[in-house]
Amino acid sequence: MSGGMKQLDLRRFPGFFAITLACVAVLYAPLMVVAVYSVNESTSITRWGGFSLAWYADVFTGPESPKFQRAAMNSIIIAVLAGTGATIIATSAAVAMHRAGRFRAKTATFALINLPLMVPEVVTAVASLIFFTAIGFSGGIGTILLAHLTFCIPFAYLPIAARMQSISDSYEQAAMDLYATPREAFRLILLPLMRPGIFSGFLLAFIISLDDFLITNFVKGAGVETLPTAIFGAVKQGIKPNIMAISTLMLGVSVAFVTLSWLIGRSGQKTQ
Amino acid sequence: MIGTVISIDRVEKRFGTFTALHGVSVDIADNEFFTLLGPSGCGKTTLLRCIAGFEPVSGGQIRLNGEDIAPLPPYRRPVNTVFQHYALFPHMTVLENAMFGLQRLGWGVVDAEGRARQALELVHLSAFLKRRPGQLSGGQQQRVALARALAPEPRVLLLDEPLSALDLKLRQAVRMELKQIQRETGIAFVFVTHDQEEALTMSDRIAVMSDGRVQQVGTPREIYESPANRFVADFIGETNLIEVPVLNISNGLAEVSLPGGRAIQCPTRLVDATQGVLSVRPERIDLCAPSEADLIATAGAQVYLGTDIQLKAHLAGGEQMTVRLQNAAATVLPQSGARLGLRLEAGAARLLAA
Amino acid sequence: MAAMAPGGASGSDIYKGNAVKLLLPTWLVIGVFLLIPVMLMAVYSFLTKEFRGGVIWEFTLTAYDQFFLNRGLFGDDPASIEWTYIGIFWRSIWQAGLATILCLLIGFPTAWFIATRDARMRTVWLLIVTVPYWVNLLIRTVSMKFLIRDEGPLNAALMWSGIIDAPLGIINTNLAVQLGLFYSYLPFMVLPVYAAVERYDFSLSEAAADLYASRWTILRLVILPVVKPGIIAGCILVFVPSLGAFLAPDLLGGAKSFMIGSLIEEQFKGAAGNWPFGAASAMILMAIVMIVLLAYARSQTRETRT
Numbered sequence: 001m002s003g004g005m006k007q008l009d010l011r012r013f014p015g016f017f018a019i020t021l022a023c024v025a026v027l028y029a030p031l032m033v034v035a036v037y038s039v040n041e042s043t044s045i046t047r048w049g050g051f052s053l054a055w056y057a058d059v060f061t062g063p064e065s066p067k068f069q070r071a072a073m074n075s076i077i078i079a080v081l082a083g084t085g086a087t088i089i090a091t092s093a094a095v096a097m098h099r100a101g102r103f104r105a106k107t108a109t110f111a112l113i114n115l116p117l118m119v120p121e122v123v124t125a126v127a128s129l130i131f132f133t134a135i136g137f138s139g140g141i142g143t144i145l146l147a148h149l150t151f152c153i154p155f156a157y158l159p160i161a162a163r164m165q166s167i168s169d170s171y172e173q174a175a176m177d178l179y180a181t182p183r184e185a186f187r188l189i190l191l192p193l194m195r196p197g198i199f200s201g202f203l204l205a206f207i208i209s210l211d212d213f214l215i216t217n218f219v220k221g222a223g224v225e226t227l228p229t230a231i232f233g234a235v236k237q238g239i240k241p242n243i244m245a246i247s248t249l250m251l252g253v254s255v256a257f258v259t260l261s262w263l264i265g266r267s268g269q270k271t272q
Numbered sequence: 273m274i275g276t277v278i279s280i281d282r283v284e285k286r287f288g289t290f291t292a293l294h295g296v297s298v299d300i301a302d303n304e305f306f307t308l309l310g311p312s313g314c315g316k317t318t319l320l321r322c323i324a325g326f327e328p329v330s331g332g333q334i335r336l337n338g339e340d341i342a343p344l345p346p347y348r349r350p351v352n353t354v355f356q357h358y359a360l361f362p363h364m365t366v367l368e369n370a371m372f373g374l375q376r377l378g379w380g381v382v383d384a385e386g387r388a389r390q391a392l393e394l395v396h397l398s399a400f401l402k403r404r405p406g407q408l409s410g411g412q413q414q415r416v417a418l419a420r421a422l423a424p425e426p427r428v429l430l431l432d433e434p435l436s437a438l439d440l441k442l443r444q445a446v447r448m449e450l451k452q453i454q455r456e457t458g459i460a461f462v463f464v465t466h467d468q469e470e471a472l473t474m475s476d477r478i479a480v481m482s483d484g485r486v487q488q489v490g491t492p493r494e495i496y497e498s499p500a501n502r503f504v505a506d507f508i509g510e511t512n513l514i515e516v517p518v519l520n521i522s523n524g525l526a527e528v529s530l531p532g533g534r535a536i537q538c539p540t541r542l543v544d545a546t547q548g549v550l551s552v553r554p555e556r557i558d559l560c561a562p563s564e565a566d567l568i569a570t571a572g573a574q575v576y577l578g579t580d581i582q583l584k585a586h587l588a589g590g591e592q593m594t595v596r597l598q599n600a601a602a603t604v605l606p607q608s609g610a611r612l613g614l615r616l617e618a619g620a621a622r623l624l625a626a
Numbered sequence: 627m628a629a630m631a632p633g634g635a636s637g638s639d640i641y642k643g644n645a646v647k648l649l650l651p652t653w654l655v656i657g658v659f660l661l662i663p664v665m666l667m668a669v670y671s672f673l674t675k676e677f678r679g680g681v682i683w684e685f686t687l688t689a690y691d692q693f694f695l696n697r698g699l700f701g702d703d704p705a706s707i708e709w710t711y712i713g714i715f716w717r718s719i720w721q722a723g724l725a726t727i728l729c730l731l732i733g734f735p736t737a738w739f740i741a742t743r744d745a746r747m748r749t750v751w752l753l754i755v756t757v758p759y760w761v762n763l764l765i766r767t768v769s770m771k772f773l774i775r776d777e778g779p780l781n782a783a784l785m786w787s788g789i790i791d792a793p794l795g796i797i798n799t800n801l802a803v804q805l806g807l808f809y810s811y812l813p814f815m816v817l818p819v820y821a822a823v824e825r826y827d828f829s830l831s832e833a834a835a836d837l838y839a840s841r842w843t844i845l846r847l848v849i850l851p852v853v854k855p856g857i858i859a860g861c862i863l864v865f866v867p868s869l870g871a872f873l874a875p876d877l878l879g880g881a882k883s884f885m886i887g888s889l890i891e892e893q894f895k896g897a898a899g900n901w902p903f904g905a906a907s908a909m910i911l912m913a914i915v916m917i918v919l920l921a922y923a924r925s926q927t928r929e930t931r932t
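Those protein sequence lines, which keep their order, are chains G, C and S.
Residue numbers for the first sequence follow my numbering, so the first one is 1 and each next one is one higher.
Residue numbers for the second sequence follow my numbering, so the first one is 273 and each next one is one higher.
Residue numbers for the third sequence follow my numbering, so the first one is 627 and each next one is one higher.
Everything labelled a hint here was simulated from the structure, so no lab data went into it.
Treat each hint with caution, since some may be false.
[As the list claims (entries may be wrong)] Not everything, but these chain G residues come out facing chain C in the computed CB check (under 10 Å): (1) Gly15; (2) Ala175; (3) Asp177; (4) Glu184.
Beta carbons: idealized from backbone N, C-alpha and C, even for Gly.
With the hints as constraints, model all of the structure from the sequences given.
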């Protein structure tokens, strides 16, 4: 069909590709610029002074490094604990929602699981602050952890439930037909089949916890910082190059996580 | 019944207000290839799931060698299932799948592996032990499912439409093999299908089901040639059903009056009736001269089927009949609209309840 | 599949009777740490403020009164409508709406372009568009601030190349907030629209073309109506978080771009705060969001019924 008639391709719209490129440019330009400036020799963040890893060294050894390291440690501990807790709770909920037949509170439970997604973040932040103050919990790692655990549940639930939906219950029936007790059917069949979903759920919850600024800022109390609140505090006093180094490091961690979860998701699809 | 391995005794199954099984009773013999045949929604799969233990019965007993197993969970019943879509564990190898049941029964790894290998050999899959189910073709997966269910040597093997996911050619080959494996192992097979050809070619006996009831139990020949009622006659194969007045019945032989007035005798299970339905298979009707005919008809449309030719014929009363003629060189086909004589072969007609 | 009786069709009830045990942790955690706090917040919005932050347990409508009505400096003038807070809410709705439209205008062509690639390129493009979403929101916002500052690389590059000779002055404007919101929530638009376009049956386009429709007519009369559910979902997912956004207006906007998030946040910071007023503002924000979500849910059920 060379030359001759020009095929009308109904999938193509003029300009859509250009818009896509512009979209990608807007998404990446700020991150790229920050990454580039993080290896800038100059102390001035406006002028280029040659390549240097000085600001990365500053992040680990500089005068502000203990503060950021403590904050990073808090962030990671909270994200691991809240992510793990939320994943366990969400796994249990997903099993009930997909394997316990019909029960009365099902619709209400579904709404409850999704409640943290529907309530605006700032409202959750305010409500949590009021609640913890009212019951006399002073702000700290504990309150941050409880708040994170709560809003991480729906994020952990989404991939787990999606995975669960694609697992036919005939696998467990086959296992029980072959003399597996319900406990064995769960441990040997359902759990291994759910694993990719559970893993994605954990990663998602982990990243969401690591990402949170607003709710943490409300419930953290004085003196306790996570990485986002520490960065926010520093940025309020002006953007310094060490912030760009930290940002670039966090960018790297995020990209690594997404790639990991993508690869796992793909291998999960393959075994199906 | 002597040698009964599983006895289904007045089994009821209700889902809310819907009754899926109305007191079904069937005895299945040891070493028998027994088929549950019926249309979608007739209750055959429900009955199978009740035997396996996936559905609790609402009433009645399921006795395995005399012991009621209805209260037992599936993992306490010496009964295994080949699932419709196989339900092979995707995260395990073929060998691990086949070993699964044995290990749950407490067999050691070495013994379980030996037995699993034997089972896989039986279905000619020894070359695929380390593969995952996802790497096998549909036919191979079906064999793994069979080997997995046979490995623990169950008293009864339940098969839930196991051939429905295979393509036609493969399905025909597997039928013979399945039958042979049943003979070799001597295990009673309970086979669920909606495909009557499958049921007729493989089964020792068939239970035809509809609307949660067993309509007839019998050998393929009995089911086809002596259907117990209108549903069975209509569901199994093609048939012509003609409403007729009954002149008299004695000793299982009825005298009926055909449309057009001619009286014939035919076998029946009825003892007493004034009105009935005559069932005549299309291949057991011949064309003849109108003077010698049982029925006079007008020739209608012809459908060319290769080995056969199907001919539609209309009786004077408006009833439509189907006649199957062999596609032989000598077969002379009537012109559409021509007057035809139809002769029912001896024993071809059977009187059923109206 | 055959012979599955109605009612037993789901069959997935291996854990029947265990629902309570399995769901108890979910109920407890979300119930105690979100549902009860939101209810308590509702109660707080009707309490009297205490001056060092916190509340006195005395019922009053002061917080809502203060939000909507102006009674003068000493509270004894005849009540007139107080525009300050309604204005902030109105600006927030306006900003969030504009951000939603911006995301749609850019997001739809992007989603369309990605969904019409072959399977391999589709995953690559999807990954490209979603990776920024996984980068910490604060860091993304800070990066945007860094890029568009008067002395930042964008202005520097434009001035160096001679296109402009003074900084554009984008930072601390509504436009900067727009950029920030767009940047924060664009993937929320692209993903649902992509999912809808991917399911779109292209023979519909061919049928329309066969019936003499031009490319853009097909887009307007066939494609947009068919993928509408995805577009609406995307709009909700962008609009709702934009409405309550804190970081983008706080870091990128100036005093003139003050939005709901900052208004509420201020009421809980230090001694100048006013908890009941903050709680009341949060209640009003939540009411707006719930109205949007309910309208969406209703349109969804109507959609599935037809």
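Against which earlier hints does the structure fall short, listed by number upward? Of the numbered hints given earlier, the structure breaks just one, which is hint 1.
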